[in-house]
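Let's have the full structure, built from the sequences with the hints guiding it.
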Amino acid sequence: MGKSAHMFISSNEKKETLNKRVTLLDEQIDYARSKKDHLLQYLKSELSNSLGVKVRYSLQGSYPNHTLIRPVRMDEDFDIDAGVYLMFNAESQGIRASDAKSIFRSVLTRYCSANNDAKLADSKPNCERVCFPGNFHIDLPLYYFDKETETCRLATETLGWIDSDPKSLQDWFDKKISTYPAEKKARLRRCIKNIKTWAALRAVKLPSIAITVFIANKFDDFEQDDDVFIKNSANLLHFLKENNKILSPINGDDLIGGTDKDKARLSEQLALLLDSLIQANNCKSAMEAHPSWSTIFEHIYPPFAEVEELANVTNLPALTTVPSINIRKKDRDNRFLEDSSGDIIHGFLGEHLDFSIANTNSYPTNSTVKWMVRNKEKEASIANDLGHFRSFKLSDVCEEHCGYRGTHYMECVIESNGQILGAKSIKVIVSSIERPLRNPPRQSYGPKR
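The sequence shown begins at 703 in my numbering and counts up by one.
Hints were generated in silico from the structure; no laboratory data involved. Please read all numbers here as calculations on a predicted model, not as lab measurements. Just so you know, not all the hints are guaranteed correct.
[Said to hold, decoys possible] Derived pair list, reagent style DSSO-like, types lysine-lysine, alpha-carbon separation capped at 27 Å:
1) Lys1095 to Lys1032
2) Lys717 to Lys886
3) Lys869 to Lys907
4) Lys722 to Lys1129
5) Lys738 to Lys717
6) Lys965 to Lys933
What follows is the structure, encoded as structure tokens:
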């Protein structure tokens, strides 16, 4: 057990781990926090002036739970949910939910007009959204709260004021884990983040709140994070197979919802997850388990080079036949530069790299080549672009480009009929310095004419 534990988390901050890769950088969190604080202070003042009532706010969901995750793809956002509360009984004062939302939106419009980096998205039925650069947005549901009756209701566009009390759910979560030692709390939160990452990669309808409630209710703790993920993910998928829903501990609502199609896809993906969990658990080492974990976490899982068992070994072992990989380098204008077959490749920002299998005759013609880009270091992390996965035919060319400075990896796995036939990892070191000219113009000497 715990064979891949060092791939999930490490005391060495420089080591690339799953926890490091699913977690936003400190500067991303600080940036989001500053935008959130500025917006909420504005709303507290301006909305209060517009309605003549006290206004408060309360953070909801992943941010206060410390379970925010990095977007799994570069075109996706991370978000903070902040409930805005009108501290009076709006219904008894004859204020309709749609009118309250309209006033709320007008205040947000003024904010965005005064702050060029803030953009107000189209109105949603149950909230408003303000978007910021850096793939970040703030979702803002509007409530009223009657302190005397402890009534909390959400403003919706078409259903009026409806019962909704996310703070009670937040309080439930905090109380549920309050007696856990700090180490257990941390493992629970990392488990939630890892399951959320899997769900995001698979694009299944399994909301963060449903994952959070289930894990808080049913958490099985182990010393190592890989064991924690295996056991709790298995518990989740077996539970959903039997129940098909996760209920709110506050009001009994189904926290997953979705259509029959959504549920069928979730069931299908959970079955595939179970297969990969079994394979990973049956492996004897982190090296052997790496392909199974990569099936689960794709490019978010750390590069193969981070496997500690490799020591000074820089390449994947020959499982059957090691692929011979040709890397064709092209400049920014797609002009040919050179071909290479080394295990370490140097490139420059903006250049292109075309990867292909040179020894195709060593594999069955029906083989599939799985190419996995795993980006590292700060530039890629800021862009939330930790890589991607693509699958090709044996004779196809995988075209990539050098988009970020630093050390990255291109990993290749060749499969046929579900069996791994060969694998290899190429280290790609990208420099921001422009490639030197091969034949620079000679300096002229003598008197100028």
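Hint check results:
1. Lys1095 to Lys1032: 22 Å, holds
2. Lys717 to Lys886: 22 Å, holds
3. Lys869 to Lys907: Measuring from Cα to Cα gives roughly 23 Å; hence the hint holds.
4. Lys722 to Lys1129: 20 Å, holds
5. Lys738 to Lys717: At roughly 31 Å apart (the allowed maximum being 27 Å), Lys717 and Lys738 break the hint.
6. Lys965 to Lys933: 22 Å, holds
Consistency with the previously given hints fails for number 5 only.
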